[in-house]
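As you go down the protein sequences, you meet chains A and B in turn. All letters in the first sequence, in the order written, are residues 24 to 139 by my numbering. All letters in the second sequence, in the order written, are residues 17 to 128 by my numbering.
No lab work stands behind these hints, which were simulated from the structure alone. Among these hints, one or two may not hold up.
[What the hints assert, rightly or not] A few chain B positions that, by computed beta-carbon distances, are all more than 10 Å from chain A:
no., residue
1, M29
2, G32
3, N40
4, S42
5, K72
6, E74
7, K84
8, R86
9, T89
[Stated by the list, open to error] Below, in silico cross-link-like pairs of lysine-lysine (BS3-like), each with a Cα-Cα straight-line distance of 27 Å or less:
no., chain 1, residue 1, chain 2, residue 2
10, B, K72, B, K19
11, A, K89, B, K115
12, A, K37, B, K57
13, B, K19, B, K84
14, B, K115, A, K78
15, A, K43, B, K57
16, B, K115, A, K43
Ideal Cβ placement from N, Cα and C applies to all residues, glycine included.
Next come the chains, spelled out residue by residue.
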Amino acid sequence: GAVVSQHPSWVICKSGTSVKIECRSLDFQATTMFWYRQFPKQSLMLMATSNEGSKATYEQGVEKDKFLINHASLTLSTLTVTSAHPEDSSFYICSALQGSGANVLTFGAGSRLTVL
Amino acid sequence: ELKVEQNPLFLSMQEGKNYTIYCNYSTTSDRLYWYRQDPGKSLESLFVLLSNGAVKQEGRLMASLDTKARLSTLHITAAVHDLSATYFCAGNRIQGAQKLVFGQGTRLTINP
Chain A
24 GAVVSQHPSW VICKSGTSVK IECRSLDFQA TTMFWYRQFP KQSLMLMATS NEGSKATYEQ
84 GVEKDKFLIN HASLTLSTLT VTSAHPEDSS FYICSALQGS GANVLTFGAG SRLTVL
Chain B
17 ELKVEQNPLF LSMQEGKNYT IYCNYSTTSD RLYWYRQDPG KSLESLFVLL SNGAVKQEGR
77 LMASLDTKAR LSTLHITAAV HDLSATYFCA GNRIQGAQKL VFGQGTRLTI NP
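Okay, chain A solo, but in the shape it has when bound (with noise of 0.2 Å):
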């Protein structure tokens, strides 16, 4: 079956520094990927639509120039959270859509984010 790795799956940063986060899916293409976060004991909100080859679409609310998102290739979009702050902890969770008009989602393992 399909699979998507999120790396890293666990990381720590001091305040203001950038934590790169990636999302690879390994044995398909995707030329759309998400990217969520979830926060703890809550429900998972989109944050921003990846697009292979083209800008991020970030959801109403969300910090474009505070979460970057590049998707460079058909299998690989990266979230950077820049200037990283206690509140920006939480656990990103990436999925990525197999084929254009497919239902099938798959998501990542999820990363957890711990800025101190």
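Given the coordinates of chain A, assemble chain B onto it according to the supplied hints.
Same frame as chain A, but now just chain B:
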């Protein structure tokens, strides 16, 4: 704007019992998803329901969709401890775009 609401949010039940989790959504969604999440883990896809009257079953879990009532249910039959997890339903905010709106989640605890 699509809103998805689940109830109950917390459910504690005994092994062997049956129960249903409800998922109401506010506007049209061209599909309805059910996911399972274990603590500290990502989402495991359970079901995708595409049409009115759709019913899907996998083991002790059965999901159904009523698009007229904008209601989906996840029914648990003869619960076992291994089914303890948080269950999310999600609708599709924009038809065909896979921009999912998730419910709050139902934290299910099954006691021996």
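Hint check:
1. For M29/B, the non-interface assignment is confirmed: its Cβ lies about 19 Å from the closest Cβ of chain A, beyond the 10 Å cut-off.
2. Annotated as non-interface, G32/B keeps its C-beta farther than 10 Å from every C-beta of chain A; the closest such distance is 27 Å.
3. Even its closest Cβ contact with chain A, about 15 Å, leaves N40/B beyond 10 Å, as expected for a residue assigned away from the interface.
4. Under the 10 Å C-beta cut-off, the non-interface status given to S42/B relative to chain A holds; the minimum distance is some 15 Å.
5. Look at K72/B: its CB is around 13 Å from the nearest CB on chain A, clear of 10 Å, so calling it non-interface holds up.
6. Residue-level check passed: E74/B sits 15 Å from the nearest beta carbon of chain A, beyond 10 Å.
7. At roughly 21 Å, the least C-beta separation between K84/B and chain A is larger than 10 Å, which holds for a residue marked as non-interface.
8. The beta carbon of R86/B is kept farther than 10 Å from every beta carbon of chain A, the shortest such distance being approximately 18 Å.
9. The beta carbon of T89/B is kept farther than 10 Å from every beta carbon of chain A, the shortest such distance being approximately 19 Å.
10. This hinted pair checks out: K72/B and K19/B have alpha carbons roughly 23 Å apart, not beyond 27 Å.
11. Proximity of K89/A to K115/B is assessed by CA-CA distance (about 21 Å); at most 27 Å being required, the pair is judged to hold.
12. Our distance criterion of 27 Å between C-alpha atoms is met by K37/A and K57/B, whose separation comes to about 24 Å.
13. Between K19/B and K84/B the alpha-carbon distance is near 16 Å, which keeps this suggested pair within the 27 Å criterion.
14. This hinted pair checks out: K115/B and K78/A have alpha carbons roughly 16 Å apart, not beyond 27 Å.
15. Taking the CA atoms of K43/A and K57/B, the gap is about 20 Å. The hint holds against a cut of 27 Å.
16. Only pairs whose Cα atoms come within 27 Å are accepted, and K115/B paired with K43/A is accepted, the gap being roughly 23 Å.
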